[in-house]
Amino acid sequence: MLTKRKQNLSLLLCVLPALLVYCVFKLYPAVSGVYYAMTDWNGISKTSSFVGLANFAEVFGDANYWRSMGFTLKYVLVMVVVANVAALALAVAIESRRRAKGLYRTLFFMPNMISMVIGGYMWMFIFTKVLYYLADNWGMVFLDHSWIGDPQYAFIAIIIVAAWGAIGYLMIIFMAALQGVSPQLKEAAYLDGANAWQTFWRVTFPMISHALTICIFWTLNSAFQVFDVVFVLTGGGPGRATQSVALNIYEEAFKGNVRFGYATAKSTVLFLIVLAVTMVQLRLMKGREQEL
Amino acid sequence: MKKKRLLADWLVYAALTLAALFTLFPLLMALMNSFKTNGELLTDVMSWPQTFNFDNYVRTLDKMHYLRSLGNTLLLTVTSVTLIVLFSALAGWRLCRTKTRFSSALFSLFVFSMLIPFSSIMIPLYRVVLALKVKNSLIGFSFVYAGLGVSMAIFLYHGFVKGIPLELEEAAAIDGCNMRHTFFSIVMPMLSPITATIVITNALWVWNDFLLPLIVISKSEKYTLLLSTNTLFGQYSSDWTAILSSLILAAIPVIIFYAFFQRRILEGIADGAVKG
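Protein sequence lines correspond, in order, to chains B and Z.
Be aware that the first sequence starts at 1, since it is given in this note's numbering, and climbs by one per residue.
Be aware that the second sequence starts at 1, since it is given in this note's numbering, and climbs by one per residue.
Just so you know, these hints were derived from the structure itself, not from any lab.
Every clue listed holds true.
Computed from the model, here is a short list of chain B residues facing chain Z with C-beta under 7 Å:
1. Pro29
2. Ala30
3. Ile126
List time: in silico BS3-like cross-link candidates among lysine-lysine, alpha-carbon distance up to 25 Å:
4. Lys186(B) to Lys101(B)
5. Lys219(Z) to Lys46(B)
6. Lys63(Z) to Lys222(Z)
7. Lys46(B) to Lys133(Z)
8. Lys255(B) to Lys135(Z)
9. Lys162(Z) to Lys4(B)
10. Lys4(B) to Lys99(Z)
11. Lys133(Z) to Lys255(B)
12. Lys135(Z) to Lys219(Z)
13. Lys222(Z) to Lys255(B)
14. Lys162(Z) to Lys286(B)
15. Lys219(Z) to Lys255(B)
16. Lys3(Z) to Lys186(B)
17. Lys129(B) to Lys63(Z)
18. Lys101(B) to Lys3(Z)
19. Lys101(B) to Lys4(Z)
20. Lys135(Z) to Lys222(Z)
Distance windows between CB atoms, simulated:
21. Glu95(B) to Ser113(Z): 34 to 40 Å
22. Phe112(Z) to Gly149(B): 41 to 47 Å
23. Gly52(B) to Leu130(Z): 24 to 30 Å
24. Pro238(B) to Val78(Z): 37 to 43 Å
25. Asp144(B) to Val111(Z): 48 to 54 Å
26. Phe112(Z) to Lys255(B): 28 to 34 Å
27. Glu187(B) to Arg101(Z): 46 to 52 Å
28. Phe257(Z) to Asp150(B): 36 to 42 Å
29. Cys23(B) to Tyr13(Z): 52 to 58 Å
30. Gly176(Z) to Arg5(B): 21 to 27 Å
31. Arg68(Z) to Gly287(B): 50 to 56 Å
These numbers were taken from a predicted model, which means no experiment stands behind them.
Ideal placement from N, C-alpha and C gives every residue a C-beta, glycine not left out.
Using the sequences plus the hints, can you model the full thing?
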């Protein structure tokens with residue numbers, strides 16, 4: 001057998017390429033970000049100086065930042081519920097079919113293949129042209145709203161497009177879990193006189209709780225960072241009514257102000273919030289899974 | 001009882017079909033209206049196009065520099081995915097096979113950062129990109145994707161290698177196989193199921209990523225498909241026939257890819273999500 005040292009040496013050699021790119025493009029930015037968040041570094045002057053916690057103090061008083069955080073929290077909450085409920089319903093409906101299973105699955109997953117930028121612009125056409133047309137000519141008056149210009153409807157529009165793009169992915173995860181539930185268990189419940197509704201909630205649902213954990217974790221994580229959909233559909237408007245935190249950070253850094261140091265402080269706060277929320281979620285749901 | 005069942009059955013099919021129509025609606029509307037003239041589109045968005053003329057497509061092919069953007073995106077995706085697979089397979093395999101404290105320390109170093117959201121590192125990352133002068137270099141840029149993607153891929157490879165018996169590698173070593181040979185002709189083939197998963201998830205990620213190219217690429221000659229589409233939308237915001245045809249053009253490559261590898265893609269997505 002090789003000695004420990006030799007083993008470690010050959011290991012290091014094999015890991016080196018991965019370690020190098022990882023350190024340069026992920027680890028270093030993450031670590032140095034903590035330092036930059038405490039400087040007045042910007043995109044214009046060559047030098048920057050240490051300002052301590054001044055940026056963080058400013059973040060806490062930044063009304064626009066917290067407004068975008070408020071929007072993001074509302075978005076996260078609605079997405080977690082809407083996307084997961086819809087995806088689970090679709091997964092259960094498809095799994096209960098004997099025919100056309102593959103066809104439905106293929107169709108529902110289609111939006112996930114396309115970037116949200118492309119999907120977002122397609123929906124933009126629907127919201128700004130098609131719905132008006134349907135309202136005026138087909139008598140669908142309930143569609144007659146300023147879908148992009150009115151803050152309330154703009155939020156709904158964003159949710160529709162984001163859910164449209166996310167449901168297929170979640171559905172695939174739920175379907176994989178549903179296929180893992182043994183038919184004998186369901187049959188046993190049926191023989192014991194349980195109806196379909198009871199069988200689902202008492203037998204099937206507890207068996208797929210790990211999939212629910214994964215799906216909620218994924219939705220939380222991606223929803224907190226929402227950028228593409230909002231950027232494409234409303235650009236954060238009208239005013240700043242639909243500005244997400246990621247968009248707020250992007251604009252602080254790359255549009256107008258180019259205050260990189262300050263924007264990094266904002267992104268550090270976002271990271272801490274996401275970390276806290278996902279930790280709580282994982283602890284709660286993992287604990288639940290183990291009880292079963 | 002039986003009648004009730006049948007009715008419920010039809011209701012579920014009807015609901016599914018309705019949901020499918022909703023899913024396809026924006027795609028079909030974009031496709032249908034992309035063949036119209038601007039005047040036709042303005043008078044009736046719901047009508048069938050009078051003639052299927054490809055004028056809009058010819059126009060946008062040129063305007064969005066379609067072939068160039070497509071080539072750029074393809075190059076970026078292929079190099080990024082190749083780097084991720086090579087680096088991570090090699091690292092994940094050795095990390096799993098080496099049972100030392102150093103090895104587990106390295107593994108945790110890779111895994112711990114998986115929770116850091118991209119928006120939290122994008123600004124310092126931008127600085128690194130500037131300092132290394134890889135701004136506007138597609139090959140250099142693919143190393144950035146490799147850096148961001150290896151954690152997850154190493155995690156997946158590491159988990160997969162655990163389930164492969166060691167005997168084959170030992171036999172190869174006894175036969176005098178060196179490590180490079182063992183890796184490429186014995187280990188890599190055995191890893192192919194998980195490699196398929198990693199290739200699919202990462203290819204879709206890189207291909208559809210928007211924020212990172214938006215920050216890093218500023219030269220229009222290096223634009224990806226999404227950047228070109230976005231620019232076109234900014235320039236011709238009221239010329240819907242131009243925009244819709246460009247959207248269809250931008251969507252076509254992935255749709256074709258999906259049509260061919262549908263089963264593998266869906267399997268890969270489920271696999272990657274559950275294991276990650």
